[in-house]
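*Asks:* Going line by line, the protein sequences match chains A and B.
Each step along the first sequence adds one to the number in this note's numbering, with nothing skipped, and position 102 is 104.
Each step along the second sequence adds one to the number in this note's numbering, with nothing skipped, and position 4 is 6.
Mixed in with the good hints, there may be bad ones.
To be verified - Straight line, CA to CA, 20 Å or less: simulated EDC-like cross-link-like pairs of lysine to aspartate or glutamate:
1. B:Lys49 - B:Asp6
2. B:Lys13 - A:Asp100
3. A:Lys49 - A:Asp6
4. B:Lys49 - B:Asp98
5. B:Lys13 - A:Asp6
6. A:Lys13 - B:Asp6
7. B:Lys49 - B:Asp100
8. A:Lys13 - B:Asp100
9. A:Lys49 - A:Asp98
What the hints assert, rightly or not - Distance ranges between label pairs, derived from CB positions:
10. A:His31 - B:Gly8: 20 to 28 Å
11. B:Gly52 - A:Ala54: 20 to 28 Å
12. A:Asp6 - B:Val64: 38 to 46 Å
13. B:Thr79 - A:Val105: 19 to 27 Å
14. A:Thr79 - B:Gly32: 26 to 34 Å
Calculated directly from the structure, the hints in this document are not laboratory data.
Built from N, CA and C at the ideal position, the CB exists for glycine as well.
Protein chains: 2
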Amino acid sequence: MRTDLGMGRGKIAAQVAHAAVSAVLQGPHGAVFEAWLQAGQPKVVLKVAGAAELAELCGHAVAAGLPVQVIHDAGRTQVAAGTATCCAIGPALPADVDPVTAVLSLL
Amino acid sequence: MRTDLGMGRGKIAAQVAHAAVSAVLQGPHGAVFEAWLQAGQPKVVLKVAGAAELAELCGHAVAAGLPVQVIHDAGRTQVAAGTATCCAIGPALPADVDPVTAVLSLL
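Pulled out of the complex, with its shape left as it was, chain A reads as follows (with noise of 0.2 Å):
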């Protein structure tokens, strides 16, 4: 999640929830998927200073094979529109997707 753009904690729960549904439906949905579910479908949010390092984390994310879900805002309220405000990486195994975000802090 990007901090810079001002936005408020339900704006921000929002779009992690966009983020979240979008990785569930367009995301692959065999084995990993299954077991992520059955986990609880644990997720953790992580934020990023503005838009060049969340693009630059998506092009990790992406160069490592993980799914990747980018969540443009519509710009209805508190941004522009189309803003890229997060991404979603996953679902898919710890093991695959923290070297990828180790080096973020927790929202």
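Assemble the complex: chain A is given as a structure, and chain B must be docked to it using the hints.
*Replies:* Coordinates of chain B only, in the frame set by chain A:
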């Protein structure tokens, strides 16, 4: 979303995402669901003061025939295991949800 549990914005975002994913996976998948997806899967994040108000809200939503998913936290961080933190109402038509939620404020 309950506001009485002292959860940070990242924790809140994860709970809302749990609720949204549960609503998508467990809710009805008919024309209303497809229309919601086509509209950009809109979400409105609202607040309740505590467990009693959350339970009352869920009761009203169930009585109105709406899909309701209550999220109970696994309790690994910040709140006690099994705590009901929030619920998802829908996917449903705004005309059906709004009478149940209109009394609540944005988070």
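*Asks:* With reference to the structure, classify each hint as holding or not holding.
*Replies:* Each hint tested on the structure:
no., hint, in the structure
1, B:Lys49 - B:Asp6, "holds, 10 Å"
2, B:Lys13 - A:Asp100, "holds, 19 Å"
3, A:Lys49 - A:Asp6, "holds, 10 Å"
4, B:Lys49 - B:Asp98, "holds, 19 Å"
5, B:Lys13 - A:Asp6, "holds, 19 Å"
6, A:Lys13 - B:Asp6, "holds, 19 Å"
7, B:Lys49 - B:Asp100, "holds, 14 Å"
8, A:Lys13 - B:Asp100, "holds, 19 Å"
9, A:Lys49 - A:Asp98, "holds, 19 Å"
10, A:His31 - B:Gly8: 20 to 28 Å, "violated, 36 Å"
11, B:Gly52 - A:Ala54: 20 to 28 Å, "violated, 41 Å"
12, A:Asp6 - B:Val64: 38 to 46 Å, "holds, 40 Å"
13, B:Thr79 - A:Val105: 19 to 27 Å, "holds, 21 Å"
14, A:Thr79 - B:Gly32: 26 to 34 Å, "holds, 28 Å"
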